[in-house]
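Chemist: Protein chains in written order, with our numbering: chain A, 1 to 127; chain B, 1001 to 1526.
FYI, nobody ran anything at the bench for these hints, they're computed from the structure. Some hints here could point you the wrong way.
Claimed, not checked - Quick list of in silico lysine-lysine cross-link-like pairs, DSSO-like style, CA-CA up to 30 Å:
no.	chain 1	residue 1	chain 2	residue 2
1	A	K51	B	K1143
2	B	K1307	A	K91
3	B	K1118	A	K51
Unchecked claim - Beyond 12 Å from chain A on every Cβ pair, some chain B residues (computed):
no.	residue
4	E1026
5	E1033
6	S1041
7	L1089
8	F1131
9	S1219
10	L1263
11	P1298
12	P1340
13	D1364
14	L1373
15	S1377
16	G1380
17	V1406
18	Y1485
What the hints assert, rightly or not - Pulled a few chain A residues facing chain B out of the computed Cβ check, cut under 10 Å:
no.	residue
19	Q41
20	V61
21	S68
22	P76
23	V78
Where is the CB? At the ideal position from N, CA and C, for every residue including glycine.
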Amino acid sequence: MRHLAKAHEKGDGMKNATVGLLAALSLMLASTAFAAPDQEQIERGHKVYDKWCFPCHGTGVGKPGTDSLVARGQKPAVLEERTDLTVPAIKTFVRHGVLFMPMFRKTEVSDADLDAIAAYLTRNNKP
Amino acid sequence: MRLPPGVTSADFSKAIKEFEAVIGKEWVFTSDEDVDLYRDSYSPLWHEEDEPIPSAAVAPDGIEQIQAILKIANAYKIPLWTISTGRNLGYGGSAPLLGGSVVLDLKRMNRVLEVNDKNHYALVEPGVSYFDLYRYIHERGLKVWLDPPDPGWGSPVGNCLERGGGYTPMRDHYDAVCGMEVVLANGEVVRTGMGALPGSKTWQQYKYGFGPYVTGMFSQSNFGIVTKMGIWLMPEPEAYLSGTVTVSKHDDLFPLVEIFANLVNSGTLQATTLLTSPLWFSPPNEELDALRYSGSVPGLEDYARRKNIPYWSVPLPFYGPAKVIAAQWEYAKEKFSSIPGVKFEDGPSYRFPLSADQLAKMTDTVPFGIPSLQIFSIMGPHGQGHLGFSPIIPMTGEAVLESQKVFTQVYRDLGSPGGSATTFPIFSFFARAFVNIYLFPIEHDVEKNRKTREIYRRLIKESAARGWGEYRTHTTFMGDISDTYSFNNHALRHFHETIKDAVDPNGILSPGKCGIWPKRMRKATA
């Protein structure tokens, strides 16, 4: 998230709403307490992630989400390899979108699915 | 609470309760937080007063639930905006055209009902995405290809109804439609084509049935809700090969396109390609920038000769039996050889199925029938949204040049930098005519979007003045484009309205879609 904010400062054309979103996400990163998700939830999240997130955020060529994060200096750029994402930040991205990533409706990714994605993407976070 | 236009708060509250009773509270979305998820992320009206935001969304699962929703919507005259997967980004996404409409979200109807790899077709519900259909085929090892559009999360039903395009020989998506099931505004269920015959064994194999062919009426329209669709698939081809034809002179464009059109219309070339000028895509430098801006033909030809860059280029993709496509490429080369100085370059060739190693190296799998989201890199890593302007122009060199000139001038007149020589890429999604697709960046920036809309509307007018019309557009411009299809004092629109009033007398289905408004809303929008 820090890097997203940095990208904006370079003048990529985003406006106040996006700045506000990114600032809020940075705060979430800094302040959210860690809670270990259970294995079943992580496995469900992996499946939902593969269906909805991997085509853009996966490894390999032709993945615009990963490419965008690379271009903006995010390390690692593949979301599954991150250990610093927080549940509120993940939920905010999915429900509000960012840059060319649109928001996702509840008929696509339900609240329960989103909880599972968040569990999967935070599975390796350090307490 | 946001309200549909002309509906009282009391009536809307009653309707919502009735919706909840028939499909369950979980599938009726009314909070701003939930309903905002139906906004168009790529809206050219983002953050403006006119941005069409829905009042609610309902997500039925099954025809009976749709019928119950229609009964309620008819009683309270509530406009319903139907979406399949709602991923038509660049054309409106999941947002309605008329603010305050209730979105009828069919995403939960996501069943692949049949895939047949002997007669090569599928029967699907509207919530099925290209990814879903691909997975279904791949997991079962069926030897058929689908033809995805650029973004794979869209719906085959939605994309075919919008008459989208792909890249393989099945690229004309509406042309692949074979039979529909449609729920009319009064709740009646109609099956078109052979589907009207009870127990039909050929609903997805023969398009026309008996009597008037009405399937097409449900594409780009608001006459009914399509709940099932038959789509023809392609037998997995044995092989693919491509070759590129390049020519060195500006005027070589005329024979190049004439021969190209002959090859397309005779069936030798069956897949989508892109006619470009390598001069436009060459790395920018001061001299080339100045030449491109001036449009000086002798200057550009001289530059191309000195730098050994072709003036025009067209890659030719071939799919089919290896021996046949090799012969097709040889035949194409023979035909193009009548242009002095023409050059040919062999491109990639593959045998199918592709190996995991081949797939891993492929940036864009869409031309090989494998859905992807790769297209979203098109506006760059910091891009936000896009909006496509896409007029259909004749498949002639004259039309290509004239369109570039006209569109470039619109840009310059309105204060934006414009180039020359295929600034506006020329695609061959369909036989006999080119599609000129230009993508505008969309940002959450009111002033930039206002400027984009101004340019877009000028482009529509300049196109129409020359006899070119758009094949599809964003909801924001549906009225503008409908206005241009005005032969004989808008006789076609009057016909559409006559049908609309007959099949949807309360005007509840997708008001304004493609310029078709129900009677009760016409005066306000005339």
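Chemist: Would you mind marking each hint as holding or not holding in the structure?
Modeler: Structure-based check of each hint:
1. A/K51 / B/K1143: holds, 23 Å
2. B/K1307 / A/K91: violated, 52 Å
3. B/K1118 / A/K51: Cα-Cα ~28 Å, so holds.
4. E1026: violated, 9 Å
5. E1033: violated, 8 Å
6. S1041: Incorrect as stated: the minimum Cβ-Cβ distance to chain A is 4 Å, not above 12 Å.
7. L1089: Violated, since 6 Å does not exceed 12 Å.
8. F1131: violated, 7 Å
9. S1219: Consistent with the label, B/S1219 stays out of reach of chain A, its closest Cβ about 23 Å off (over 12 Å).
10. L1263: holds, 29 Å
11. P1298: Holds, because the least Cβ-Cβ distance between B/P1298 and chain A comes to about 38 Å, which exceeds 12 Å.
12. P1340: holds, 39 Å
13. D1364: The claim breaks: B/D1364 does not keep its Cβ more than 12 Å from every Cβ of chain A (closest is about 6 Å).
14. L1373: Non-interface label on B/L1373 violated, nearest chain A Cβ at 4 Å vs cutoff 12 Å.
15. S1377: Incorrect as stated: the minimum Cβ-Cβ distance to chain A is 4 Å, not above 12 Å.
16. G1380: B/G1380 not clear of chain A: closest Cβ-Cβ about 8 Å, inside 12 Å.
17. V1406: Since the minimum Cβ distance to chain A is about 28 Å, B/V1406 lies beyond 12 Å and the statement holds.
18. Y1485: holds, 30 Å
19. Q41: Because about 20 Å separates A/Q41 from the closest Cβ in chain B, which is outside the 10 Å limit, the hint is violated.
20. V61: holds, 5 Å
21. S68: holds, 4 Å
22. P76: Since chain B brings no Cβ nearer than about 16 Å to A/P76, farther than 10 Å, the hint is violated.
23. V78: violated, 15 Å
This entry does not satisfy hints 2, 4, 5, 6, 7, 8, 13, 14, 15, 16, 19, 22, 23, going by the numbered hints stated previously.
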